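Q: Sequence:
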Amino acid sequence: MLSRLFRRGPRPEPPIIDTDLAVDDLVLRAARERAHTTGDWTALRDVIAETGTDWERRTFRLRVLGEDASTAEGAWLDDWQEAAPDDPAAAQIYAEALHRRAGKARGGASARNTTPEQFAEFEALSAQSVSAGRRALDLAGPDDPSPLILMLNGAFAGRTVGTPEFDAQVAEARRRSPYHFELHLTLVSLYCEKWYGSHSRMFEAARDVAAAAPAGANVVMLPYLAHFEYAMREFGWDRRDRKSLAAVADYFQRGEIRDELDTWAGKWRAGAPHVPGRAMTCRHWLALAAFLGRRKKLARATFDEIGVHHGGTPAWGYFLPGAGSGFLAAWEWAHD
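-6 is the number of the first residue of the sequence shown in the working numbering; add one for each residue after it.
To be clear, the hints were calculated from the coordinates, so they are not data collected in a lab.
This one's a predicted model, so the numbers in the text were calculated from it and none came from an experiment.
The reader is advised that the hints may include incorrect statements.
Unchecked claim - Straight-line C-alpha distance at most 25 angstroms; calculated DSS-like pairs for lysine-lysine:
hint, residue 1, residue 2
1, Lys187, Lys97
2, Lys236, Lys289
3, Lys236, Lys187
4, Lys290, Lys260
5, Lys289, Lys260
Stated by the list, open to error - Computed spacing ranges between beta-carbons, pair by pair:
hint, residue 1, residue 2, range
6, Asp201, Glu66, 38 to 46 angstroms
7, Gly315, Asp136, 36 to 44 angstroms
8, Trp326, Glu165, 41 to 49 angstroms
9, Asp131, Thr108, 32 to 40 angstroms
10, Glu165, Ala120, 16 to 24 angstroms
11, Thr107, Ala164, 25 to 33 angstroms
12, Asp297, Asp160, 37 to 45 angstroms
Using N, Cα and C, we set each Cβ at its ideal position, and we do this for glycine too.
The task is simple: from the sequences and hints, build the whole structure.
A: Here you go:
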């Protein structure tokens, strides 16, 4: 109350959030808009080609275009595949689109709140995505990890974690790109307790790659995700209320948790500047942890870095009623 009485100047208005998965990759956004308005798919081919051997950025752009291709606005992919049926990027985007449709079919609810029909469609579309991913892998260059990472995502439905084929795919993807964000994000997610692992295995996967990676690599921030997954499972599973949020806040205010997260944040920031794309996800994780840890100054500064780019970051919905509304609630708290 006192802070409101003595605030200098008007309270800033909350942003109108931008949920575009492309976030701050303005080159990608412009090429996609061109494809939407003129049907020119070559602009999208070119933005993929220009990533060269920046495999993390390539995978990010393929993922965003896969989401677009899974919607009614994705007619450009049909034209691309017709003109260049053996283009590895187009093949990958098609597989990504199937993967995105599979996720939408399942929905974001917990297993007990998901119907058998949703699971069946999820598994069927995931199997199609893996099959399409195999073709993308055959077409891809020998050092491109993107199709392998997509196929590993099929393990969410295929229950293949720990099989010889799964382990071989992980090893080959690591050979191709040891500190690839999407690769290790997938592994940390698969190894969490709500899927096919445990808290200890999840934390090990996140901390090991964060410790081994060079400063500035986005994988350095994966322990943040592990802590979010742990807190959601322990304090907020199937609950989004004041009591669960208070328990989560207590967890993130613990000294040892705060110190660990600050260590990873320092290592990540030491490698700045970061290219557009997944670095925005890392900023969202920083802001969410600051909000949960009741670190208002840090949260406000991080929100200033984020701007309007929400990008549909799922972790905001782990502890709050929804990802978008959760982001705005935390933003307003930080700017109060």
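Q: Each hint needs a verdict: does it hold in this structure or not?
A: Okay, the hints, checked on the actual structure:
The suggested pairing of Lys187 with Lys97 holds, with an alpha-carbon distance near 18 angstroms, which does not exceed 25 angstroms. Distance hint between Lys236 and Lys289 is fulfilled; the C-alpha atoms sit about 20 angstroms from each other, no more than 25 angstroms. Between Lys236 and Lys187, the direct Cα distance comes to roughly 21 angstroms. Compliance with the 25 angstroms bound is thereby established for this hinted pair. For the proposed pair Lys290 and Lys260, the alpha carbon gap of about 20 angstroms is at most 25 angstroms, so the pair holds.
Taken as a hint, the Lys289 and Lys260 pair is honoured in the structure, with Cα atoms around 21 angstroms apart against an allowance of 25 angstroms. At about 39 angstroms, the beta-carbon gap between Asp201 and Glu66 stays in the expected band of 38 to 46 angstroms. At about 39 angstroms, the CB distance of Gly315 to Asp136 agrees with the hint of 36 to 44 angstroms. The hint said 41 to 49 angstroms for the Cβ distance between Trp326 and Glu165, and at roughly 44 angstroms that hint holds.
Distance hint for Asp131 and Thr108: a CB-CB separation of about 35 angstroms, consistent with the stated range 32 to 40 angstroms. With their beta carbons about 21 angstroms apart, Glu165 and Ala120 fall inside the hinted range of 16 to 24 angstroms. At about 32 angstroms, the CB distance of Thr107 to Ala164 agrees with the hint of 25 to 33 angstroms. At about 43 angstroms, the CB distance of Asp297 to Asp160 agrees with the hint of 37 to 45 angstroms.
Violated hints are absent here; each numbered hint is respected by the structure.
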